[in-house]
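Peer 1: Those protein sequence lines, which keep their order, are chains A and B.
Everything in the first sequence is counted per our numbering, starting at 1 for the first residue and increasing by one.
Everything in the second sequence is counted per our numbering, starting at 1001 for the first residue and increasing by one.
Do not rely on the hints blindly, as some may be mistaken.
Unchecked claim - Sample of chain A residues facing chain B (criterion: CB under 8 Å; computed from the structure):
#, residue
1, Leu50
2, Lys68
3, Ala70
4, Asn73
5, Arg76
6, Ala77
7, Phe81
8, Phe83
9, Asn87
10, Phe89
11, Pro90
12, Leu100
13, Leu105
14, Met153
Read the hints as simulated data drawn from the structure, not as lab findings.
We put the beta carbon where it would ideally sit given N, CA and C, even for glycine.
Each chain, letter by letter, is given below.
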Amino acid sequence: MIVLDKVNKWYGDYHALVDITERVEKNEVLVVCGPSGSGKSTLIRTLNRLEEIQGGSIAIDGRDIHAKGADVNALRAGIGFVFQHFNLFPHLTVLENCTLAPVRLKRASKAEARDYALQLLERVGLAHKQDAYPNALSGGQQQRVAIARALAMRPPIMLFDEPTSALDPEMVGEVLQVMRTLAHEGMTMVCVTHEMGFARDVADRIWFMAEGKLLEKATPQAFFANPQHPRAQQFLADRKRD
Amino acid sequence: MNAFLELIDTYWLYFLVGQYPDGPLGGLVLTVLLSGAALVLAMPLGLMLGIARVSPYRAVSLPVAGVVQVVRAVPLLLVLFWAYFFLPAVTGVKTSQAATMLIVLVVFDSVYLAEIVAAGIRALPPGQLESARSLGLSYGQALRHVVLPQSLANGLPSIVNQLVSTIKATSLGYIIGLSEVSFIASQINTLVFTQSVQVYLILALTYFMLCFGLSRLAFLLERRLQRRAVQPN
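Turn these sequences into a full structure, and let the hints steer you where they fit.
Peer 2: See below:
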């Protein structure tokens, strides 16, 4: 479903992504982990072209998203993206946040968009907040709305860029619960996260990155029980000590 | 006090509309019309220039930046003088005082408003544009529905500030003999001769009421916008 071929990215002289070549299959839940500065956020941001790449290609369902002249807007509409800092639109209500894109991009009539948004808000447990403004919500609630907003475009793929890193500890669980449900429903997901419990329970596969390189790809069982690369062993040992 | 009331009684119509209908419209009405027209014309222009100023394409943003820097660095009075006396000599086309004033006001206002709009857009967290784009909205749609509604609301105090200074800037029309309210006041002063303090006090109060009224209006508008943003639950 997502095919990366020799993806390379530089910031000036700094080689941020080095020859990343891998695939993500349909219905797969992939967790990308690694120490900070390893390039995992950069990688997930190249998947919907929030970041440009300088070499290689990324195909989503066979369409090259970094091709010259690619219809980036149409491609992005089919890829949900959840940010670390939620990025809800503060001038719109919760419901309006979820209906803006479907209505403006003519994916649905106002009434249809509203009905579907309410269904999604129900699923993330926030239907009663439909008329609230984002500033009146807790971080965990805001992130759940952000997930509903992304789902409102009915994307076949969801990308999560450290969705719980900006949350107070007691709110991490409610967001992870929504992500678990999505995973069980068969959504194709790529999640950059430090939540190793989530990775262990929900991921089909784990990618371990360091210094812009994809150093290890494994099932959660193999990765946690028997990491191969010394950097991965170090990373997991550091995690245990926390 | 009697003389003061008599002054108002005699000259209020002249103060309000100048020599109209026997001559060109002037006085307070001209001042209000000129500043109003300048704002109405400069708003869309300033919005466009401001958006161009933060354009990702340098071919668009650089020329606008140049214009902004030049206009900001020149006194309005100088440009007004120059536009009224020298431009007709060069082009052979004579524009009226009111038209000249209006054009100069629109140019200055749109440039200052452009800076306010651009600053507002730059001040917004980049995550707003990113999350709008990640949903599939185009750059234009993201600006229109996500970025501008927020940055314009945030820039409202600066915009009002600009409107207030526009009203006051019309008094510079005096230099080219435009019969706006300051010019009329000085005419009245010449006619009555002995009551300068009273005449100019009335003029000052008039400007104050116009500008204070406007900023109160803006304050109410701002409070309404804020209430919407922080509404509990």
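Peer 1: Does each hint fit the structure? Answer for all of them.
Peer 2: Quick rundown of the hints versus the structure:
{"no.": "1", "hint": "Leu50", "verdict": "holds (6 Å)"}
{"no.": "2", "hint": "Lys68", "verdict": "violated (16 Å)"}
{"no.": "3", "hint": "Ala70", "verdict": "violated (13 Å)"}
{"no.": "4", "hint": "Asn73", "verdict": "holds (5 Å)"}
{"no.": "5", "hint": "Arg76", "verdict": "holds (5 Å)"}
{"no.": "6", "hint": "Ala77", "verdict": "holds (3 Å)"}
{"no.": "7", "hint": "Phe81", "verdict": "holds (4 Å)"}
{"no.": "8", "hint": "Phe83", "verdict": "holds (6 Å)"}
{"no.": "9", "hint": "Asn87", "verdict": "holds (4 Å)"}
{"no.": "10", "hint": "Phe89", "verdict": "holds (6 Å)"}
{"no.": "11", "hint": "Pro90", "verdict": "holds (6 Å)"}
{"no.": "12", "hint": "Leu100", "verdict": "holds (6 Å)"}
{"no.": "13", "hint": "Leu105", "verdict": "holds (6 Å)"}
{"no.": "14", "hint": "Met153", "verdict": "holds (6 Å)"}
When held up to the earlier numbered hints, the structure conflicts with 2 and 3 and fits the remainder.
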